[in-house]
Every structure is written in structure tokens, then in C-alpha cells.
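*Asks:* As given, the protein sequences belong to chains A and B, one line each in that order.
So the first sequence is numbered by full-length UniProt numbering: it starts at 1 and just counts up by one.
So the second sequence is numbered by full-length UniProt numbering: it starts at 1 and just counts up by one.
Treat each hint with caution, since some may be false.
Each pair may be met inside one copy or between any two copies, as identical chains are not told apart.
[What the hints assert, rightly or not] Only pairs whose alpha carbons sit at most 20 angstroms apart, straight line, appear in this in silico SDA-like list of lysine to any residue:
hint : residue 1 : residue 2
1    : 40        : 102
2    : 40        : 96
3    : 111       : 100
4    : 105       : 10
5    : 111       : 179
6    : 111       : 98
No wet-lab data here; the hints were simulated from the structure.
If you want the building blocks of each chain, they are given just below.
Number of protein chains: 2
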Amino acid sequence: MQRAALELFSTRGYEQTTATEIAQAVGLTERTFFRHFSDKREVLFHGQERLTEAFLSGVEAAPADASPMEVVAAALQSAASFFPDERRSHSQARQSVIDQNPALKERERHKLAGLATALADALRARGVDELAATLAAQTGITVFEITFARWIREDEQRSLADISSEVLNELLTLTAAARLPTR
Amino acid sequence: MQRAALELFSTRGYEQTTATEIAQAVGLTERTFFRHFSDKREVLFHGQERLTEAFLSGVEAAPADASPMEVVAAALQSAASFFPDERRSHSQARQSVIDQNPALKERERHKLAGLATALADALRARGVDELAATLAAQTGITVFEITFARWIREDEQRSLADISSEVLNELLTLTAAARLPTR
Chain A
1 MQRAALELFS TRGYEQTTAT EIAQAVGLTE RTFFRHFSDK REVLFHGQER LTEAFLSGVE
61 AAPADASPME VVAAALQSAA SFFPDERRSH SQARQSVIDQ NPALKERERH KLAGLATALA
121 DALRARGVDE LAATLAAQTG ITVFEITFAR WIREDEQRSL ADISSEVLNE LLTLTAAARL
181 PTR
Chain B
1 MQRAALELFS TRGYEQTTAT EIAQAVGLTE RTFFRHFSDK REVLFHGQER LTEAFLSGVE
61 AAPADASPME VVAAALQSAA SFFPDERRSH SQARQSVIDQ NPALKERERH KLAGLATALA
121 DALRARGVDE LAATLAAQTG ITVFEITFAR WIREDEQRSL ADISSEVLNE LLTLTAAARL
181 PTR
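Starting from the given sequences, assemble the full structure and let the hints guide the process.
*Replies:* Below, the structure written as C-alpha cells:
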């Protein structure tokens, strides 16, 4: 159903496609559609739960003495396995539909915020204090967003894992180069 | 009009208040309302342009040899002047309305994304490369979001500038403590 939805959204446009049409494209009814998805937007965000699980299993796999950002790095590497190169063209098509529709952009931002919350909760559960957990989690999601946007660029060949390492290392370089006035 | 809107949203609820009622509360017409705001949501986000200007004037004021995160730090300190302590109770009331309404939360996330884009553009205009500019800007907005959420806590007494320094220093501490595998 997700593949059929993406196909219809790409060819006809998101606004012009109804849930009934998506269901019919795979021989199902509108009722079946709404048993699986709360609304039309949701059909493009069905992988979200498994992506969150990928992040959280990375957190679990991190050594007990890992610092918060090291845990986040482990979560990012685990999430990268969710996006093998074979998936890139699907991700590109999906993003192109999302980028053309403000309602879908909003849903995407909402999902990313939920991911950051789940990651912060997992850090807190490891004993990281609230500020550090929130900050490390949000920063990790920023790295993920930038990584993902680069991975789906037309001319990009590198794996998501490689780009993720590059972006995270750039963050460490940037922060290491900052001399701030101490209070 | 913004104060009247906040008052009505707080007492009656956001959904239950119409643009006409907001306008009437200050002796104006619905037409005047829509001359100032594109929709009902927008009335709570009218300060956005000036906030963006505060960030950008911080960027401009940063020394020419400042590193990207130092420029972001300057932007954050400049933005802090936008939220003097006298404004805290207004900001608390406003946030409480936003947090109760998904449509307003979405608009807020949209505005923050726009702020990150403006900040990244300003960094690029200083010669910062694309990845560093995007990453430094987004990270700066994360620091701002966390700072702002702490500033409007019920029991918080510190200034936004002080909290901002604390959060930014915590980010530097977190990233300095990360040993990542080099590729």
C-alpha cells in the first residue's frame, strides 16, 4: 500500500490522490486503509516505528561507559542500517513528495521531534541527566537530518553510514574550534 | 491585537476563538485582522521577524575571525536580548497555548526551521562551507529551543542569556567527551 501510495502521489500529486484510490490500487477498500493508517499523510510515515527501534537498539548496544554523544553515535550507526543503498531511490521519491507538500513537511517535523524525544528518554534511562540527554538527542537528530538530506542527493554515492560519520565528525570539529566566554 | 488574542486563547481556548472575536476585542474588524495576519495561527508568531533580525545582527557583530560556532554563540547572545525577564510571563502564557494545540506546535516548528535556514544563510555569506553552516545553524537553534524551554519553566529565575551560555557550554562539554572511531 505504501509503494502504491508513493506511486500515485508522485504521478498525480499528493492532494489529488484519495485514500480510497490508494487502497483500490492494491485491491483493498478505504476501510482497510484507515485500519492501517490514521490519515492519508500517515501512509508515508509507516516506517517510523522501526526507525525509532533502530535508534534505540543502537543505544542499548553502546558500552556502559560510553559518553552521551558516543551513545548517540552508536544510535546513528544503528539507524544507518535502516537505509541500505538499495533503498535510496525509494527514499528520494518519497522525499520529493514530502518536500512538495507543507502538510507532509509538518508531519515529517513532528515525527523527527518524536524521534528526538525517544532518544532523549533512552539516554535518561542510562542515567544521563536531563539537559545532557535532551541536548545530545536533539543534536543527534540534527546530524541524522543533515545526513539523510545528503544521502538522497542526486549525485551522492556514499553510504548513509559514511555520511553520518562525516557529519558527526564535522560537529566535533566545529565545537572543538569554539572558544566561548566563560560565565 | 496579539495580547488580546493570547488573552482569548488562554481563557476560551484556541479553537473556540475566531479571528473576528480577536479583532473585535480591540475594536477592529476581521478585515483588519487579515491585513496583518495570514491566518489565526499567525497572530502568535508575529515577533518572528524581529527574532530573526536579532539572530542575524549577532552574526554581523561577530569578529571576522570568529569560528562558525563562535558566530552562532554571538547570534544566541544577541537573540537573548529579545527576551528580557519582563517578557517571561507573556512567553509562558503564549507557550502554554501553543503546547495545547497541534496546529500551533506545527507552526512553531515551521518557524524554527525558517530561523535555522536564515542563520545558515548568514553563515554561508561569511564564507562558511555548506555542511558547517547548516550544522552550526541547526545546532544553534537546538540550543535556543532548549534554552527557551528552560527559561519559561515555572521556577526559573535566571536570564535567558545565562541559560543560553550554560546550554552551549554543555554542548561543548558533551562533544569534547566523545571519542568516535575515525573512518
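*Asks:* Which constraints among the numbered hints does this structure fail? Numbers only, ascending.
*Replies:* The structure breaks only hint 5.
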